[in-house]
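S.K.: Start counting the sequence shown at 1193; every next residue gets the next number (my numbering).
In short, the hints are calculated from the structure, not lab data. Only a predicted model underlies this, so the values are computations on that prediction, with no experimental measurement involved. Please note that a few of the clues may not be correct.
DSSO-like mimics (lysine-lysine), calculated; alpha carbons at most 30 angstroms apart, straight line [what the hints assert, rightly or not]:
| # | residue 1 | residue 2 |
| --- | --- | --- |
| 1 | Lys1297 | Lys1279 |
| 2 | Lys1301 | Lys1275 |
| 3 | Lys1301 | Lys1279 |
| 4 | Lys1275 | Lys1304 |
| 5 | Lys1239 | Lys1277 |
| 6 | Lys1279 | Lys1211 |
| 7 | Lys1297 | Lys1236 |
| 8 | Lys1209 | Lys1277 |
| 9 | Lys1236 | Lys1300 |
| 10 | Lys1334 | Lys1236 |
| 11 | Lys1209 | Lys1275 |
| 12 | Lys1236 | Lys1279 |
| 13 | Lys1300 | Lys1334 |
| 14 | Lys1279 | Lys1207 |
| 15 | Lys1275 | Lys1334 |
| 16 | Lys1337 | Lys1301 |
| 17 | Lys1337 | Lys1211 |
| 18 | Lys1236 | Lys1211 |
| 19 | Lys1334 | Lys1297 |
| 20 | Lys1304 | Lys1337 |
| 21 | Lys1239 | Lys1297 |
| 22 | Lys1275 | Lys1239 |
| 23 | Lys1207 | Lys1301 |
| 24 | Lys1209 | Lys1301 |
| 25 | Lys1209 | Lys1337 |
| 26 | Lys1211 | Lys1304 |
| 27 | Lys1300 | Lys1279 |
| 28 | Lys1334 | Lys1211 |
| 29 | Lys1239 | Lys1304 |
| 30 | Lys1239 | Lys1207 |
| 31 | Lys1334 | Lys1209 |
| 32 | Lys1277 | Lys1300 |
| 33 | Lys1334 | Lys1304 |
Using C-beta positions, here's what the derived DEER-type ranges look like [said to hold, decoys possible]:
| # | residue 1 | residue 2 | range |
| --- | --- | --- | --- |
| 34 | Phe1320 | Ser1264 | 31 to 41 angstroms |
| 35 | Ser1295 | Phe1198 | 15 to 25 angstroms |
| 36 | Asp1290 | Tyr1226 | 36 to 46 angstroms |
| 37 | Phe1198 | Asp1290 | 45 to 55 angstroms |
Every residue, glycine too, gets a C-beta built ideally from N, C-alpha and C.
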Amino acid sequence: MITPWFETEETFVNKWKEKIRANTNEFPKEVELYTEAGECVRSKSEKILADGFRRMGIPYVYEPELELTDGSRMYPDFALLHKGKRKTIYFEHFGMMDYPEYSAKAIKKITKYEENGYWFGDNFLCTFETSENPLDMRIVEKMLKHYF
C-alpha cells in the first residue's frame, strides 16, 4: 500500500471539520432558521453569512467551542478555514449594535479575544450591523476575498 506524501485538501478539510466540531453552544436557540445546507442557525444574518461562506467555497463550522488560553470557553459564530494557509480564523457577527447593553457585551467579547491572542485580520474577523446599517454581503464578500 502506498502512503501519500501529502494530505489532499479534501482530506484536510474533513479532518479540520471533525476536529473543530460544530454546534457545541448549548445556549437555547430562540428561532429555527436553516441555511441552504440545512444547518440550523440563530439569526437571519448568520444564515446569510453561512450561505455566503458556502458559495465562496470557504469551509466553516458553526458555533464551535473555543478554549482560550485563560481556560475559559467561547462559542464564536463560525470557525472558517483558510485552505491556502491551513489556518483557522474565528468569525463573529455582532448584529444588534443599536442596543447599548448588547454593544457593551460585544466590546467585552472582542477584548476577550484580543487578550487571548486573537487579532482582527489575523485569526479573527467580525462584522457589525444596526437597524440603519444592516449586514451587507457585498462588503462581507470583499472582506473575505481580501483575507482568503
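S.K.: Of the numbered hints stated previously, which ones are contradicted by the structure, given in increasing order?
M.R.: Violated hints (numbers, rising): 34, 35, 36; every other hint is consistent with the structure.
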